[in-house]
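Engineer: Produce the entire structure from the sequences given, and follow the hints as far as they go.
Protein chains in written order, with our numbering: chain V, 124 to 707; chain A, 124 to 707.
Hints listed in this document are in silico derivations from the structure and should not be mistaken for laboratory results. Watch out, some of these pointers could steer you wrong.
As the list makes no split between identical chains, a pair holds if one copy fits it or if it spans any two.
To be verified - Mimicking BS3-like on lysine-lysine, the simulated pairs with C-alpha atoms at most 30 Å apart in a straight line are: (1) LYS363 <-> LYS514; (2) LYS502 <-> LYS237; (3) LYS671 <-> LYS237; (4) LYS126 <-> LYS502; (5) LYS129 <-> LYS348; (6) LYS276 <-> LYS401; (7) LYS514 <-> LYS650; (8) LYS620 <-> LYS515; (9) LYS438 <-> LYS639; (10) LYS348 <-> LYS438; (11) LYS650 <-> LYS359; (12) LYS363 <-> LYS654; (13) LYS366 <-> LYS348; (14) LYS639 <-> LYS650; (15) LYS401 <-> LYS639; (16) LYS650 <-> LYS671.
Bear in mind that the values here come from a model prediction, so they are computed numbers and not experimental data.
Protein chains: 2
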Amino acid sequence: MEKMEKIYRVNMTDQTVSVEPTPECYRLIGGRALITQIMNEEMDPQCHPIGPNNKLIIATGLFNGTTAPCSGRISIGAKSPLTNGSKESNAGGPTGTMLGRMKIKAIIIEGLPKVGEDDFFVLRVTPAGIEILPAPQEIIGKGCYETARYCKKKYGYSHTASVLTIGQAGEMRATAACISLTNMEGDTSRQAGRGGLGAVMGSKKIKAIVIDNRGENHITYADPKAYRDASYRLAKIVNKAGKGLNAYGTAVLVTPINNVGGLPVRNFSEGTWDDRFKKITGQELHRLADERGGQWGHSCHPGCCIACSNVVADKDGEYVTGSLEFETVALFGSNCDIDDLDCIARCDYKCDDYGVDSIDTSVAAGIAMEAGVIEWGDKEGLEAFLDEMGKKTPLGRVIACGAATFGKVFGQWRVSQTKGQATAAYDPRGCKGTGATYATSTMGGDHTVGNALPGRGGIDPHSTEKQAGLIRNLQAYSAYMIDSTGWCLFVGPSFTKLPFAVELINAKYGTSLTEKDVYKMGIETLKNEIKFNRAAGVPDIDIPEFEKVEPLPPHNDVFNVSMEDMKNIHNFDYEFPEEKTTDW
Amino acid sequence: MEKMEKIYRVNMTDQTVSVEPTPECYRLIGGRALITQIMNEEMDPQCHPIGPNNKLIIATGLFNGTTAPCSGRISIGAKSPLTNGSKESNAGGPTGTMLGRMKIKAIIIEGLPKVGEDDFFVLRVTPAGIEILPAPQEIIGKGCYETARYCKKKYGYSHTASVLTIGQAGEMRATAACISLTNMEGDTSRQAGRGGLGAVMGSKKIKAIVIDNRGENHITYADPKAYRDASYRLAKIVNKAGKGLNAYGTAVLVTPINNVGGLPVRNFSEGTWDDRFKKITGQELHRLADERGGQWGHSCHPGCCIACSNVVADKDGEYVTGSLEFETVALFGSNCDIDDLDCIARCDYKCDDYGVDSIDTSVAAGIAMEAGVIEWGDKEGLEAFLDEMGKKTPLGRVIACGAATFGKVFGQWRVSQTKGQATAAYDPRGCKGTGATYATSTMGGDHTVGNALPGRGGIDPHSTEKQAGLIRNLQAYSAYMIDSTGWCLFVGPSFTKLPFAVELINAKYGTSLTEKDVYKMGIETLKNEIKFNRAAGVPDIDIPEFEKVEPLPPHNDVFNVSMEDMKNIHNFDYEFPEEKTTDW
Numbered sequence: 124m125e126k127m128e129k130i131y132r133v134n135m136t137d138q139t140v141s142v143e144p145t146p147e148c149y150r151l152i153g154g155r156a157l158i159t160q161i162m163n164e165e166m167d168p169q170c171h172p173i174g175p176n177n178k179l180i181i182a183t184g185l186f187n188g189t190t191a192p193c194s195g196r197i198s199i200g201a202k203s204p205l206t207n208g209s210k211e212s213n214a215g216g217p218t219g220t221m222l223g224r225m226k227i228k229a230i231i232i233e234g235l236p237k238v239g240e241d242d243f244f245v246l247r248v249t250p251a252g253i254e255i256l257p258a259p260q261e262i263i264g265k266g267c268y269e270t271a272r273y274c275k276k277k278y279g280y281s282h283t284a285s286v287l288t289i290g291q292a293g294e295m296r297a298t299a300a301c302i303s304l305t306n307m308e309g310d311t312s313r314q315a316g317r318g319g320l321g322a323v324m325g326s327k328k329i330k331a332i333v334i335d336n337r338g339e340n341h342i343t344y345a346d347p348k349a350y351r352d353a354s355y356r357l358a359k360i361v362n363k364a365g366k367g368l369n370a371y372g373t374a375v376l377v378t379p380i381n382n383v384g385g386l387p388v389r390n391f392s393e394g395t396w397d398d399r400f401k402k403i404t405g406q407e408l409h410r411l412a413d414e415r416g417g418q419w420g421h422s423c424h425p426g427c428c429i430a431c432s433n434v435v436a437d438k439d440g441e442y443v444t445g446s447l448e449f450e451t452v453a454l455f456g457s458n459c460d461i462d463d464l465d466c467i468a469r470c471d472y473k474c475d476d477y478g479v480d481s482i483d484t485s486v487a488a489g490i491a492m493e494a495g496v497i498e499w500g501d502k503e504g505l506e507a508f509l510d511e512m513g514k515k516t517p518l519g520r521v522i523a524c525g526a527a528t529f530g531k532v533f534g535q536w537r538v539s540q541t542k543g544q545a546t547a548a549y550d551p552r553g554c555k556g557t558g559a560t561y562a563t564s565t566m567g568g569d570h571t572v573g574n575a576l577p578g579r580g581g582i583d584p585h586s587t588e589k590q591a592g593l594i595r596n597l598q599a600y601s602a603y604m605i606d607s608t609g610w611c612l613f614v615g616p617s618f619t620k621l622p623f624a625v626e627l628i629n630a631k632y633g634t635s636l637t638e639k640d641v642y643k644m645g646i647e648t649l650k651n652e653i654k655f656n657r658a659a660g661v662p663d664i665d666i667p668e669f670e671k672v673e674p675l676p677p678h679n680d681v682f683n684v685s686m687e688d689m690k691n692i693h694n695f696d697y698e699f700p701e702e703k704t705t706d707w
Numbered sequence: 124m125e126k127m128e129k130i131y132r133v134n135m136t137d138q139t140v141s142v143e144p145t146p147e148c149y150r151l152i153g154g155r156a157l158i159t160q161i162m163n164e165e166m167d168p169q170c171h172p173i174g175p176n177n178k179l180i181i182a183t184g185l186f187n188g189t190t191a192p193c194s195g196r197i198s199i200g201a202k203s204p205l206t207n208g209s210k211e212s213n214a215g216g217p218t219g220t221m222l223g224r225m226k227i228k229a230i231i232i233e234g235l236p237k238v239g240e241d242d243f244f245v246l247r248v249t250p251a252g253i254e255i256l257p258a259p260q261e262i263i264g265k266g267c268y269e270t271a272r273y274c275k276k277k278y279g280y281s282h283t284a285s286v287l288t289i290g291q292a293g294e295m296r297a298t299a300a301c302i303s304l305t306n307m308e309g310d311t312s313r314q315a316g317r318g319g320l321g322a323v324m325g326s327k328k329i330k331a332i333v334i335d336n337r338g339e340n341h342i343t344y345a346d347p348k349a350y351r352d353a354s355y356r357l358a359k360i361v362n363k364a365g366k367g368l369n370a371y372g373t374a375v376l377v378t379p380i381n382n383v384g385g386l387p388v389r390n391f392s393e394g395t396w397d398d399r400f401k402k403i404t405g406q407e408l409h410r411l412a413d414e415r416g417g418q419w420g421h422s423c424h425p426g427c428c429i430a431c432s433n434v435v436a437d438k439d440g441e442y443v444t445g446s447l448e449f450e451t452v453a454l455f456g457s458n459c460d461i462d463d464l465d466c467i468a469r470c471d472y473k474c475d476d477y478g479v480d481s482i483d484t485s486v487a488a489g490i491a492m493e494a495g496v497i498e499w500g501d502k503e504g505l506e507a508f509l510d511e512m513g514k515k516t517p518l519g520r521v522i523a524c525g526a527a528t529f530g531k532v533f534g535q536w537r538v539s540q541t542k543g544q545a546t547a548a549y550d551p552r553g554c555k556g557t558g559a560t561y562a563t564s565t566m567g568g569d570h571t572v573g574n575a576l577p578g579r580g581g582i583d584p585h586s587t588e589k590q591a592g593l594i595r596n597l598q599a600y601s602a603y604m605i606d607s608t609g610w611c612l613f614v615g616p617s618f619t620k621l622p623f624a625v626e627l628i629n630a631k632y633g634t635s636l637t638e639k640d641v642y643k644m645g646i647e648t649l650k651n652e653i654k655f656n657r658a659a660g661v662p663d664i665d666i667p668e669f670e671k672v673e674p675l676p677p678h679n680d681v682f683n684v685s686m687e688d689m690k691n692i693h694n695f696d697y698e699f700p701e702e703k704t705t706d707w
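Structural biologist: Put into structure tokens, the structure is as follows:
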């Protein structure tokens, strides 16, 4: 008999675990769509993010654990301590695959235990169920790398067991704390980075979650042959399209974003970085990996056929960090006036280990330099600055609360953030479509929920024309086709891949959805998030004032997508002229 | 010829001063009503509070400088760095009287100068105009007391010159920084305390504003005899009604608020404080003043006939602080488990001198104790904690950002604040009407804009019934009759005093307003503030979750005024059944 998909509830207040079958109405939603659905159904939108009534939700995507390429990303969500709104953040590693194969639709973690500041728990998830165990003293106050290694050894059954941990930042319930996840080698270089989910996990006093399917795989398909067939055809396309990413990682973007004038330089005060951008490119990362014995073309989760990730080694060939991405490179690099990939890699490691979002932290670092807390380009100063988080000093707490709070505490108004969350490494004055996503996104300053990369849709990134229609499309497809299936962002969104999403869902679930249906599911997901956010008091549109009034060299452009256009992005009764025609 | 009322504009970007006549449409609005009017007409509600497009507005009330009793309070406003919304904060001292007599309707300070972090300016306001002067090194980094003494001597002409200053907190642009104003003796014991206006003044790089009318008085009245007559009759009533306040100051409230179960005890975790409340009462303050040579029955501004203020002396009779109020007493007292008025007075002085709101700071202190940063009741620990602000350490910066930011940075969710501003010393679970004001107020957690003191309107403070109607009345009268005239809160609001407001306005301005008109002006003021706040993204209603879900001993009550009632407070088409009948 086919194993039912199940939902676990872990109540940290009374330390109980219960399990229930997945309601039929959840069948075709997963990941991000499921998270916002549960949040709307079960939560008071005005609850405090680190209070007893927030819920930390781990939700598998529709394809998690299947043979579809690039479908292993796991979604984690809650009411965000950064934005106060609906939040989903997804990450690689084997977690999604394992949970999918155990047929776990979601783990909903509720309540707050009444224990001391230094008391924590470990959750162990296996096919036998979920156990709540007291966390051993050895991992309290420790970073994510060490915690995960310890927990994998102590609580894992197989060598593939995955571990989700919080570092010192999550223990402090700092608002930019992330959840770090192990990759396939057991390093916590994968992050559910954005929105402060580590603070929610820390508030529930969970230091680590160890997940081990012990090799079990209960995945079934309505039409296995059709699923396998579509997977195979898609893999070939994605593999080919992802060649640049495979070779140079996401840092391949340094050059085009610099060229378009959207690279954050010295706290978003210039858009290009003369010749120095060449020292922090993906090509340079690749060269160093070849020279030193780091890795490029590294897969972040089972079944990934793009393999855009990397492992960075130092001059002696020793591990420095894993998964050094464009955002982190640009924001600790040009944004902090630092052109040294070794220093940038060490900063990335510190973020992953202390357990903070490297985007919010690096934007905070740029502000710290502008405020004179660190000198521009001071590498040692920057690394010492980050180490404050590990020591849990007052300064470290402020840093770990991210760019918005850092800017507030240090009296700075030039803070590139929306709705409390730092924007990514695309200055909205040079990448106006992405700027419109930052401004309108249900997630705050997030580039993954609708990133109008230069050239996308054939639209000039400096033009304000047609951006809004493109952005609505990107946001809708990201919300469901990507973030609710477990697919990696790099599978799409693009019309080329949309038919595969439809084919795969139908083959797995025995449905007969159309492309229109999938688009509509994306809109429904956005509507759910907007509903939650409004009830939580999160504004619909938010733009950092300095990006509206301060022209960005060298184009001397401001962010000026019209308010009317931006309001229409989420006014779903309004149809953009370009909505149906944009070829992106 | 009658001297025209004028509006000054000080542009700090290009260091210019201009003057313009007051538009006719501003004639019958002053103080708070004028501030929100100017904000709506001239400002982008989404501007950054410490960016170039916020404006710091000093606006005289309709009665400032006249012979009406208790009419000397000066209104200062801006977009609040704490709430992000419309903000007016008023204070005593001679400033209102001086500006009124110089016929200055408002001083609007705009722009941001491009100068170094440690460069500041001093403004000098005299009948000759406004000068922008470089601030001397002697006052940079100094507290408000010393700064004001220095500036009064250097820039004042007469001994009555008043000085507005920021302390270290305002220099840091910390979000709970206040503006400190001199009292009639030249001590900066008067504060425009709430909402972070000191950060706005600091962002504009103004360390002090020296105001000296050089004895000039250009006040005129349409009907001088009627004005004098009404003033005299009112003074007799107010004088009699204010006897308790005169003798014991606002701390006379410690006993009734404790008795009703609304006193904040150990970070709002209990509502009464066994027998210890007796050690921090107004009666005890009075006794100490008599014993040591402090003062009670001290007037905060010229023409005050209540004289509820005080000067606190130490055991040797030396000055400790001035104007030690109920809020500060309760929030540094029972809220921090400290029953020593000497320590509380020293903490008040530190707040006034470093230039932070003593309410937001003392609520932060209670949270710090709950978080284990200081031990409960640790007096030395608390004083050292406050001294961090003077040293501008990272911890000091966080404290000076107020309770909401302090709670966020230290991972605490039990934070008694609404819309970013700490609530005052009436726990909303024991004083539900005041709780409804905190939740709905355009100002965030503010007790002065609609305080349903126990017994007001004959309503049980623990009942949810009829609170909303009472609160709308109180909010409307406070907004115009009190905060827009320069009247002290203790003149009203009450129907007994309303006819006087009408009489005085008509006698001064030659109008024929009715009581209904005055009420309507209050509603219009609220509407203007709501308009600005909504456009700025400030939620209409905000309630700290713990006060909704955590029963407060000894009544074990939660804050549960219905959402419907609270929404109706600002739904002016809705008429509360009790609106016309409440006798308060």
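Engineer: So, for every hint listed, does it hold in this structure?
Structural biologist: Verification of the hints:
no. : hint              : verdict
1   : LYS363 <-> LYS514 : neither (45 Å within a copy, 59 Å between copies)
2   : LYS502 <-> LYS237 : between (41 Å within a copy, 28 Å between copies)
3   : LYS671 <-> LYS237 : between (46 Å within a copy, 19 Å between copies)
4   : LYS126 <-> LYS502 : neither (54 Å within a copy, 62 Å between copies)
5   : LYS129 <-> LYS348 : within (25 Å within a copy, 83 Å between copies)
6   : LYS276 <-> LYS401 : neither (41 Å within a copy, 59 Å between copies)
7   : LYS514 <-> LYS650 : neither (41 Å within a copy, 48 Å between copies)
8   : LYS620 <-> LYS515 : neither (45 Å within a copy, 55 Å between copies)
9   : LYS438 <-> LYS639 : neither (52 Å within a copy, 80 Å between copies)
10  : LYS348 <-> LYS438 : neither (48 Å within a copy, 90 Å between copies)
11  : LYS650 <-> LYS359 : neither (34 Å within a copy, 61 Å between copies)
12  : LYS363 <-> LYS654 : neither (39 Å within a copy, 54 Å between copies)
13  : LYS366 <-> LYS348 : within (28 Å within a copy, 90 Å between copies)
14  : LYS639 <-> LYS650 : within (16 Å within a copy, 44 Å between copies)
15  : LYS401 <-> LYS639 : neither (43 Å within a copy, 71 Å between copies)
16  : LYS650 <-> LYS671 : both (27 Å within a copy, 28 Å between copies)
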